[in-house]
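**Student:** Listed below, chain by chain, are the residues.
There are 2 protein chains.
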Amino acid sequence: MDAQQTRHVASAQALLARLRPLFEQAGGALARVCTKEGRLHGARLDEHQVATFELAWASADLLAAETALVRLDAASTELQALLALIFAVDAVGALLPRLEALYIELELPLAPLQQLGADASWAALRGAACGAQALTAAGRALVAAGDTVELGSVVLGESVLMAQNTFRRFAADVVAPQAEEIHRHDKTIPESLLQPMRDMGVFGLSIPESLGGTGPNEGEDATMMVVVTEALSEASLAAAGSLITRSEILSRALMSGGTAEQKSTWLPRIAAGDPLCAIAITEPDFGSDVASLSLKGTRTEGGWSLNGAKTWCTFAGKAGLLMVVTRTDPDRAAGHRGLSVLLVEKPSYDGHAFDFRQPGGGRLSGKAIPTIGYRGMHSFDLSFDDFLVPDANVIGESGGLGKGFYFTMAGMVGGRMQTSARACGVMRAALRASMRYTADRKVFGAPLQAYALTLAKLARMAARLAACRTLAYAIAEQLNAGGGRMEASLVKLLACRSAEMVTREALQLHGGMGYAEESAVSRYFVDARVLSIFEGAEETLALKVIGRGLLEDALETIRSPVNPGSLHP
Amino acid sequence: MDAQQTRHVASAQALLARLRPLFEQAGGALARVCTKEGRLHGARLDEHQVATFELAWASADLLAAETALVRLDAASTELQALLALIFAVDAVGALLPRLEALYIELELPLAPLQQLGADASWAALRGAACGAQALTAAGRALVAAGDTVELGSVVLGESVLMAQNTFRRFAADVVAPQAEEIHRHDKTIPESLLQPMRDMGVFGLSIPESLGGTGPNEGEDATMMVVVTEALSEASLAAAGSLITRSEILSRALMSGGTAEQKSTWLPRIAAGDPLCAIAITEPDFGSDVASLSLKGTRTEGGWSLNGAKTWCTFAGKAGLLMVVTRTDPDRAAGHRGLSVLLVEKPSYDGHAFDFRQPGGGRLSGKAIPTIGYRGMHSFDLSFDDFLVPDANVIGESGGLGKGFYFTMAGMVGGRMQTSARACGVMRAALRASMRYTADRKVFGAPLQAYALTLAKLARMAARLAACRTLAYAIAEQLNAGGGRMEASLVKLLACRSAEMVTREALQLHGGMGYAEESAVSRYFVDARVLSIFEGAEETLALKVIGRGLLEDALETIRSPVNPGSLHP
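Residue numbers (our numbering), protein chains in the order written: chain A, 2 to 570; chain B, 2 to 570.
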């Protein structure tokens, strides 16, 4: 980037540096009103849901803008700087009114926010980054860079880059040609896709090599997981990009709570993709409310008899191994401490329904729920009738009883991180398709791409993708270093909503063609819509994970001696 | 509404009254930079597309907010006032940054906008209308009013109210039960829906009774058209709500340019729905660019021979009469003055493809384009090969040659007005489904509807629907009075995007169920997505109709003696 851009970046960073404490003040004030006797209080949190939701979104925009700018350096291209500035200005543009609304809600003085909003440097920055000229210049730079350009400030090591190349090639050459067919006819993912993915070791990415996987023996490699998931999702969210999430969650649960024998039995097989896995948590009456799950396990000779229903169990037909969160403690008052994780073995089925009967009379039947997108994986309604699971298949065996909630949670962070990567992959596909289409499609005598509005739209789509990628890879690094748990939910929140926005604009740029099933963007659009629903719905993440986390942190700050403040204003 | 609400409404109106001239100032300044030698200039308009797009959206938000408030009166319910205030505050919240960006772009002084933004009355209004308490109160009032509540300030005469009841009952009892089946299996709209609609006279709504229709003999009744379209669209955009648009456009073209004989031949038949109609304008290489259409008509003995392709011809299979915009002047330089409208008669076909051969060897074949929603109507690719159309089927016969563009335009305003009504119908369906679902669905031990965030979301969805309905019916009144042509595009722009937003939130409130094809909101979501694309794509309307209209008006104001201003700053 050039000297002028460097100055703009510094100016944007200075603004964000002023906004950060103003944001924290809102968090502190909200924490105070949600607190009773020194602790966050359920009813008060519920009462302030709207403000908490806004706070969570504000934190996502703020962190993404900060990260987009701080990751720029002298080696960054002009395009990278242009896009980071566009995102930062748009993010501040969204942040300021959110914070104002929070300040009004919490009766904090508005003056500091208004002063910032009226600052000449803010107006100058808006013109410089998001004025019509700047947007079209960014659009032109994007178009000139071509649709294979790498967006975001992402620095990858050699082995990860090699993997990226390999998986992108596989995605483009093998997955993409089958993606439309699988989507439009709601087919099951074929072995012609599954077998090469097994061979490439994708199902063992979060399992250490020493335990039979392809992950590192020491520490984490979330970056590799993100790279692989993003590359596969670019070709298809449903036929490739979402396969790894299941083995991630199950292998984490096993590593977290399994006995030595369970680990040695199952982890190498999971890593080999034989059996394939599925995760059964959600029940018809309970979505995000894990503590109320009611699929009942009854003690029998040498094991457990399962009765009840699960729903939205994605890939349950094809999978040979289901991770089933089961209520093994008949006392419902035990809540989430009455849950255990049972491993259900079953044959692998193609198609949309199955009915598996055990020799002793137990039964597990499944029926796929037709959905508007995310096809290929198939999400099943499951019904268990006196279905027997041996003690050996309880994760942690007797020592694991009642710990199912914690074992399940062990995989959730990785699942959310992966989902951010899935969103980035879908966005990249939608942006690239839009770049190609607007180059070819002529309107009023010139390619769509010759028009200022098209260039501005492409620039904003690219800016959003770049910011989400930058943040996703930054948080993957945090996970590798042992942190970033809340942030994984935060980037999931932002990237998934961003994927909805980017695919919406991509479809719009394609006009009628975008609405036709034969154009890939129509699939990106309906696929993207699932992202804000699964792996922690937007509202659940914003309120229960991010919002709550921010408020806990704010309380901690208030409590700490360097920042004394009253909890009872 | 009570005294406090009346004060809030007055305060909001005072703010909008301050914003209006600030908006006009932006329009004037933009008109100046887009002008050359006293007229709007193509290249300069293109250069300022981004600003023009923003101006169009700002005008939509501003007019909708003004209308929502001005239509309140002493008889308005508390709920109506709450929702109008929510929309107005959200609209101003969107307007202020848009205007700021325009002011920065156009180098206008920001101080007046910043002063307004920092005004204590604005902060007070935000808290009163869109604070968490206000939003949840509005959500509770909405829920208490029940899902059959009438939203928006819409006053209907007795006969229109009767029609509304009739069509709502028909939609609920006859259309709704078939809607899912038609959508999921992409069926053709069955006679069991078409025949009662014929019987109810829906295809003659824009044709005067004296010419065989069901419309008024004097003036317009756009209100009736909106009521009927909205009621049908609530049950299904694709299986009922979109049928009338075609007869509207074709009958307007006939009334605008047809000979007396053509009118007496065709209008009663169109009104009777026998034949059903379809409109063929768009071509594979030309979407919104009507002047470049190239389907070629060659003079033959007693008529025209058609060769070429059309695309996105909705309902072309079932229809027995196609309105085909044809280039009858071989000189391409004639642009839109080389176009004529030809009436193509063909058999009615069910299914997704047809191949019609004339005895003399002419051929018209069609193939439906599979789409993610808006199914049932089926949009066709059409191919004409030496297809013969007699002179008698040229609208206006020899006198109509070269006037096809104008005849086509005659129906566009009505088509856009109807599309706003379609959007309102889809939004109403999505909101009502969400109200019911959130009442039934329990999460963490209480119905979703018990939570503040759910109530706030429902309130904002309802506020948006109410504002769009209020504006749509207000503009229908303007059309009845002979005005409102640009405004019909403006409400189309706003209502269609609003339908995307409302159906998105409806799906989100349904969680996983919303993504399942068996839930109606999944259909509302994919159906709503077509609205911003057809009947004038969002970008085309914003730039070419609304933006251009605003700039023309601004130029007029600048030129007028009461408001002298230089055209050459």
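None of these hints come from the bench; they were simulated from the model. Even glycine gets a Cβ: it sits at the ideal position worked out from N, Cα and C. Possibly wrong hints are sitting among the right ones.
What the hints assert, rightly or not - One-sided and incomplete, this derived list gives chain A residues near chain B with beta-carbon spacing under 7 Å:
#1 75
#2 78
#3 518
Said to hold, decoys possible - Derived DEER-like restraints, expressed as beta-carbon distance ranges:
#4 200/A / 386/B: 46 to 52 Å
#5 157/B / 147/A: 41 to 47 Å
#6 147/A / 353/B: 46 to 52 Å
Unchecked claim - In the BS3-like style, the derived pairs of lysine-lysine whose C-alpha atoms are separated by at most 30 Å in a straight line are:
#7 443/A / 264/B
#8 368/B / 443/A
#9 368/A / 188/B
#10 443/A / 37/B
**Student:** Now, for every hint given, state plainly whether the structure supports it.
**Tutor:** For each hint, the structure was consulted:
1. 75: Violated: closest Cβ of chain B sits about 29 Å from residue 75/A, beyond 7 Å.
2. 78: violated, 23 Å
3. 518: This hint holds: residue 518/A lies near chain B, its Cβ roughly 4 Å from the closest one there, short of 7 Å.
4. 200/A / 386/B: 46 to 52 Å: Given a distance of about 51 Å, which is inside 46 to 52 Å, the answer is holds.
5. 157/B / 147/A: 41 to 47 Å: violated, 56 Å
6. 147/A / 353/B: 46 to 52 Å: This hint is violated: roughly 38 Å between Cβ atoms.
7. 443/A / 264/B: Given pair residue 443/A, residue 264/B is violated - Cα atoms ~37 Å apart, limit 30 Å.
8. 368/B / 443/A: Distance ~23 Å between residue 368/B and residue 443/A Cα, so the pair holds.
9. 368/A / 188/B: Between residue 368/A and residue 188/B the Cα gap is close to 24 Å, so the pair holds against 30 Å.
10. 443/A / 37/B: holds, 26 Å
Of the numbered hints listed earlier, those contradicted by the structure are 1, 2, 5, 6, 7.
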